[in-house]
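Heads up: the sequence shown at position 114 corresponds to 181 in our numbering, and the numbers run straight through without jumps.
Accuracy of the hints is not assured; some may be wrong.
As the list claims (entries may be wrong) - In silico lysine to aspartate or glutamate, DMTMM-like type, Cα no more than 25 Å apart, as pairs:
| no. | residue 1 | residue 2 |
| --- | --- | --- |
| 1 | K191 | D158 |
| 2 | K206 | E135 |
| 3 | K191 | D110 |
| 4 | K191 | E209 |
Said to hold, decoys possible - Quick list of simulated restraints, FRET-style, between CB atoms:
| no. | residue 1 | residue 2 | range |
| --- | --- | --- | --- |
| 5 | K175 | T195 | 15 to 23 Å |
| 6 | R148 | F172 | 41 to 49 Å |
| 7 | Y138 | L229 | 18 to 26 Å |
To be clear, the hints were calculated from the coordinates, so they are not data collected in a lab.
Every residue, glycine too, gets a C-beta built ideally from N, C-alpha and C.
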Amino acid sequence: MAYLPKFKYCFSSIIIICCFSSYSFAGFVELGTNISYRTSTIDEFNKSITESYTASLAYYFWEMSAFEFSYTNGNNRTHGRTSTSESYEVDTNFELVGLDLIISFAGKQAPFRPYIKFGGAYQKKRSTYRQGYFSPYTKESEGVSPTAGGGFKIMLTEQFALKAGVDMWTSPMSEAPVRYDMAASAGISWIF
Numbered sequence: 068m069a070y071l072p073k074f075k076y077c078f079s080s081i082i083i084i085c086c087f088s089s090y091s092f093a094g095f096v097e098l099g100t101n102i103s104y105r106t107s108t109i110d111e112f113n114k115s116i117t118e119s120y121t122a123s124l125a126y127y128f129w130e131m132s133a134f135e136f137s138y139t140n141g142n143n144r145t146h147g148r149t150s151t152s153e154s155y156e157v158d159t160n161f162e163l164v165g166l167d168l169i170i171s172f173a174g175k176q177a178p179f180r181p182y183i184k185f186g187g188a189y190q191k192k193r194s195t196y197r198q199g200y201f202s203p204y205t206k207e208s209e210g211v212s213p214t215a216g217g218g219f220k221i222m223l224t225e226q227f228a229l230k231a232g233v234d235m236w237t238s239p240m241s242e243a244p245v246r247y248d249m250a251a252s253a254g255i256s257w258i259f
């Protein structure tokens with residue numbers, strides 16, 4: 068927890084810079100959608116597949132600063148065999164509703180717009196475990212977690228962009244130990 072005061076100082080400084088910078092007032096909206104798909108093969112018997120879909124709405128209060136509201140829904144399926152050759156399967160459904168501050172490193176008219184973002188999300192997870200002849204076991208968790216990310220947008224027209232990025236979040240803050248999740252995604256966005 069020694070890093071917490073430094074984080075608060077850094078976060079406060081970024082907010083002040085964003086809100087009182089010399090850049091002009093923007094007042095535009097961006098709608099976006101992302102998809103993320105990942106498959107991981109541990110060996111010939113053990114495999115994991117994750118897919119998620121995100122919809123977002125960002126309001127740019129300055130040309131290079133925005134608040135983004137997002138909703139993500141996804142699923143992870145892991146299956147394989149234990150060391151005793153017994154089959155297992157874990158299905159996890161997750162939802163995240165997030166609010167992030169986006170800081171862009173290029174203006175609205177730039178063709179290439181890198182950005183970072185950080186904030187928080189409320190997440191719900193439901194995992195169902197199945198192994199051999201045992202009855203399925205379900206575990207649910209929910210709570211607030213910090214989020215961060217970064218990426219870039221390539222403007223194809225003045226209002227349409229392709230985007231790619233990486234998002235990171237933790238398990239709910241009420242749970243221990245803390246687990247970290249990360250997802251790469253690609254999508255499109257419209258600017259109004």
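Results for each hint:
Taking the CA atoms of K191 and D158, the gap is about 14 Å. The hint holds against a cut of 25 Å. Distance hint between K206 and E135 is unfulfilled; the C-alpha atoms sit about 30 Å from each other, more than 25 Å. For the hint pairing K191 with D110, the CA-to-CA distance comes to about 30 Å; that exceeds 25 Å, so the pair is violated. Restraint check for K191 and E209: the C-alpha separation of about 4 Å stays at or below 25 Å, so the hint holds.
As the Cβ distance of K175 to T195 is approximately 45 Å, the hint placing it in 15 to 23 Å is violated. Distance hint for R148 and F172: a CB-CB separation of about 47 Å, consistent with the stated range 41 to 49 Å. Checked against the given bound of 18 to 26 Å, the beta carbons of Y138 and L229, roughly 21 Å apart, stay inside it.
The structure shown violates the earlier hints numbered 2, 3 and 5.
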